[in-house]
Amino acid sequence: MLTCYYWKEYSFKVTITNPRNLKLKLKSSIPFDEVILNGKILFTTQFQAISYNELELDVTNILKTDGNVNVLHVRGAGGSGTQTLEAYLIGEWDSATVEEVAPEKPAELPVITETAKALGDAVKYFIEKMTDFLKEALNYVIQMAIPIWNTIAQYVNQLFLKPLTDMINFLIQRFIERFDMVVAVNFTIPVVWNLFEKAVQTGKIKYIGFAFVTPIVGMVLGKFLRAMLKPKPFSIETLGFRFEVYQLPQITAKAPPETEHDLEDLLDFEYSFETVALGSFWITEELDYRFDVMSPTLHSLEEHLDFEYGLQTVVGGMFWLSEELDYSYAVSPENTGILEEELAFSYTVYSAEETTTVAEEELDYDYSVHIPGLLIIPTERVTYLTPPEYNNIVVVTEQ
Amino acid sequence: MSYTTKILAINKDTFEETLLNSITQDNLIKRMSRPNAQDPKYLLLLKDNRIIIIDKNGNIVLDKTVDYTIDAGSINNNGMVAVKSGAELYVYDIGGNLVYHETYESNIAKPPLIGTNYLWVWLWGETQTVYIYDLSDFTYKTFQKSTTYNSLLLDINETGEIAFGGYWTTGPTTHYFKAFSDGTVVDASTTFDYAIYNIHTNPLGTGALLRLSKSGPKYRYVLVNTNLDYATIDSGSETEEIDLVHDINFIVALFFNKVSSNVKKFTLDIENLTGEHVGTITLPHSLDEISRYSKMGDMTPDGKFAVIPSTEIFLIDVENLSVVKTINKAFSGVPVRMIVS
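For the protein sequence lines, the chains are F and V, in the order given.
For the first sequence, my numbering begins at 5 and goes up steadily by one.
For the second sequence, my numbering begins at 10 and goes up steadily by one.
Treat the hints as calculated values from the structure; they're not laboratory data.
Careful, some of the hints might be misleading.
Partial pick of chain V residues on the chain F-facing surface, computed with a CB cut under 7 Å [what the hints assert, rightly or not]:
#: 1; residue: 11
#: 2; residue: 14
#: 3; residue: 261
In silico SDA-like links for lysine to any residue, alpha-carbon gap of 25 Å or less [to be verified]:
#: 4; chain 1: F; residue 1: 27; chain 2: F; residue 2: 44
#: 5; chain 1: V; residue 1: 334; chain 2: F; residue 2: 395
#: 6; chain 1: V; residue 1: 39; chain 2: F; residue 2: 402
#: 7; chain 1: V; residue 1: 334; chain 2: F; residue 2: 393
#: 8; chain 1: V; residue 1: 15; chain 2: V; residue 2: 115
#: 9; chain 1: V; residue 1: 119; chain 2: V; residue 2: 102
#: 10; chain 1: F; residue 1: 44; chain 2: F; residue 2: 68
#: 11; chain 1: V; residue 1: 334; chain 2: F; residue 2: 387
#: 12; chain 1: V; residue 1: 73; chain 2: V; residue 2: 37
#: 13; chain 1: F; residue 1: 139; chain 2: V; residue 2: 196
#: 14; chain 1: V; residue 1: 313; chain 2: F; residue 2: 387
#: 15; chain 1: V; residue 1: 15; chain 2: F; residue 2: 392
#: 16; chain 1: F; residue 1: 139; chain 2: V; residue 2: 334
#: 17; chain 1: V; residue 1: 56; chain 2: V; residue 2: 115
Keep in mind that this is a model prediction, so the values were computed, not measured.
The beta-carbon is built from N, C-alpha and C at its ideal position, and this holds for glycine as well.
With the rest of the complex left out, here is chain F (with noise of 0.2 Å):
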């Protein structure tokens, strides 16, 4: 006789408002050899002799009732020929919605995947590195420039650009003191020149008479010209030009905020066996977790985790097991990192008597956060407000 062995799997989107006691039925034309919902092996006929044409299945907590994508394994031998399966969902709810869906083909190549994200590794570390050599290395460079500067500048402007803008204004100074004078002179040595050559041209003498009053003119127009000067009294200052090379403040480079997080968390997993067949067991589980940061700010990374461990016996002896992860994650702005961490436990049955096996197991979750980018910060300095004027205080109090 030719035994053929079947391997089903069926998608579904289940959607269901308030889900009480929902089990899985299955009938099938062959025995069940493995029947798996999720991941979770809800039946299997490697721990026992019996198998089952139809099951009644607990699925509390392993059936997404939220709309996700549910996936069913179902494994039996038989015959050749055709074979029948049927499915029902039993429980109580308030609404349901059914609706079957396309196997998904995996998504992603884990070689592929693994690849990459050593890449994107590698290349953090190395922004991260570069990151602080260049905080440090602008840092060293700031610290070191600004006093240098700073006392160049002190010497330069003390022992030169200070003497230069004295004398310089001196100048003005004296300059603007004589300026009727100069004035006087400058107007009065070209029209006196030309008013002899004129008289000597002409023969008038009278050219020569209004030579001698020209300098009288020239010293009146200096006055007037002096007088009419502004500001007073001139400098180069005054006029807008200062010979000084600036100071600088004192800047800090700082990268953005670096922050470090370190997560503790002790899980405590009991397990205890009622009804117990003769194998071992083991259990993986890898948890992904996701979080979102944003340069230059700090954020924070919260996350609880409750896991729950039921061990159940269930049709024949076969143990199930229920859990419940409840991740809350308060990220604060935006940017993305991924931190994975697998957890994997064993455990052994040795014998079919009542046992009770207690496992402890501690996770201490290290992780630090590198924000790449570089910020250079001043010293703020303080801004005041202006008070409201007012001619009474409104006081306001029981009495």
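Following the hints, position chain V against chain F.
Chain V only, in chain F's frame:
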């Protein structure tokens, strides 16, 4: 029993007193607050189920009765009011119209703080979640702090864009930080070996005064600047529960406590982080019982006058450290607040 809330105008030159308005009800004022503003325009009075807004001319611009018990609340400089009742948050405009209502998963920890642009609400719990609402559309950002005994405290600036916060963890160790309306938080690298009781932020949000518990023989304040650098100010007091009033620029502050009748004047310098004790005034009576977490007195924005609650209310000329006016009151533990007009 009947209680009367009086709104008095006191002329700043002659100190003549004019009764502008009065409100009578059969229970005491639960909380009285004004905006942390450069020029505060409104005062908020909360009774068990009444929300009363008073403007700077002493007019009662809103007297609203609600059908729930008010725990606490605050008002911004546009007259918008946020109140809480257990886990319920209510936000009203100046006309008393409900503009926002929310029910949280746990009780609201302290009075919601409303600025002109943002509203800050935080909840009880081992991990305290802070919600920061944008008042234009009530979208919100959050951050969280793990504290001991729900000790998270915040005080916001005029707009609500900046808050200085603090909390303590077992020890007690006080942590302090600065938070922004986009939910970002900058934690100070320093902690203090005391519990924190109160935070006063200035209207610009450039600094804060933290009121701390006793450590050793003295009570202390910590002056914090915008970069979270700090200076400890020794109030010199060995008696408990000091509170303070301050001007809008953190230039002057008065420190007082419930046992002594001494009020100490400190000049502050937020830029150089110094606080100097420059004088003391001894009042005729010891001061009123002061709630550990409340702000009981008040100071004018320019820092020239202050009111301190005692068995009477003393109006103090801060510059000359003298009592210029005494106002009678009948009940202890009643806050006093003021605005200028």
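For residue 313 of chain V and residue 387 of chain F, compute the direct alpha-carbon distance and say whether it is at most 25 Å.
Within the cut-off at roughly 20 Å; holds.
With the threshold set at 25 Å, check whether the alpha-carbon distance from residue 334 of chain V to residue 393 of chain F stays at or below it.
holds, 20 Å
Would you mind confirming whether the straight-line C-alpha gap from residue 15 of chain V to residue 392 of chain F stays at or under 25 Å?
holds, 24 Å
Proposed interface contact between residue 11 of chain V and chain F, which counts if any beta carbon pair is under 7 Å
violated, 11 Å
Against the 25 Å threshold, does the CA-CA distance of residue 139 of chain F and residue 196 of chain V hold or violate the hint?
The given pair, whose Cα atoms are some 20 Å apart, holds under the 25 Å limit.
Given hint residue 395 of chain F paired with residue 334 of chain V - CA-CA distance at most 25 Å
holds, 15 Å
For the pair supplied as a hint, residue 139 of chain F and residue 334 of chain V, is the alpha-carbon distance within the 25 Å limit?
Violated, at roughly 58 Å.
Mind checking the alpha carbons of residue 15 of chain V and residue 115 of chain V for me, to see if they're no more than 25 Å apart?
It is violated: about 36 Å lies between the C-alpha atoms, which goes past 25 Å.
Regarding the pair residue 39 of chain V and residue 402 of chain F, is the alpha-carbon distance no greater than 25 Å?
holds, 11 Å
For the pair supplied as a hint, residue 119 of chain V and residue 102 of chain V, confirm whether the alpha-carbon distance does not exceed 25 Å.
The given pair, whose Cα atoms are some 21 Å apart, holds under the 25 Å limit.
Given hint residue 14 of chain V near chain F, where the shortest CB pair must fall under 7 Å
Hint holds; residue 14 of chain V Cβ to chain F Cβ min 5 Å, cut 7 Å.
Between the alpha carbons of residue 44 of chain F and residue 68 of chain F, is the straight-line distance 25 Å or under?
holds, 12 Å
In this structure, the hints that do not hold are numbers 1, 3, 8, 11 and 16, in rising order.
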